[in-house]
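Could you put the whole structure together from the sequences, leaning on the hints where they help?
For the sequence shown, the positions run 444 to 516 when the numbering used here is used.
Heads up, a few of these hints could be off.
Pairwise CB distance ranges, derived in the manner of DEER restraints [as the list claims (entries may be wrong)]: (1) Glu485 - Leu509: 28 to 36 angstroms; (2) Val487 - Asn512: 30 to 38 angstroms; (3) Ser511 - Cys488: 31 to 39 angstroms; (4) Arg508 - Asp465: 13 to 21 angstroms.
It is worth saying that the hints were derived from the structure and are not from the lab.
Owing to the predicted nature of the structure, the values given are computational and were not obtained by experimental measurement.
Cβ atoms here follow ideal geometry from the backbone N, Cα and C, with glycine treated the same way.
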Amino acid sequence: MLYLTWSVIENTSSTELLNLTDTALIRLLLKQIAAKMLLTGEEVCALYDYIGSRTPLIRDIADSRLVSNTYPI
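As structure tokens, then:
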């Protein structure tokens with residue numbers, strides 16, 4: 444499930460990850476994950492907490508992707 448979570452994050456546009464509120468970001472990612480696998484209520488709660496605790500990291504990754512696309516080496 445964690446691999447799928449980070450795969451979904453990588454496949455979501457950087458602009459979207461940076462522009463959404465924390466709650467909207469978590470809901471978007473949960474919706475995308477739920478479209479790929481059936482989640483129990485307990486798994487949804489655990490993923491909500493997991494993604495919420497990593498929101499700054501997710502935004503840092505998205506920002507880095509934008510910068511690297513803007514200023515390729």
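To see whether the hints hold, each was checked on the structure:
1. Glu485 - Leu509: 28 to 36 angstroms: For Glu485 and Leu509 the Cβ distance comes to about 34 angstroms; the hint holds.
2. Val487 - Asn512: 30 to 38 angstroms: The hinted range 30 to 38 angstroms holds for Val487 and Asn512, with Cβ atoms some 32 angstroms apart.
3. Ser511 - Cys488: 31 to 39 angstroms: holds (34 angstroms)
4. Arg508 - Asp465: 13 to 21 angstroms: holds (19 angstroms)
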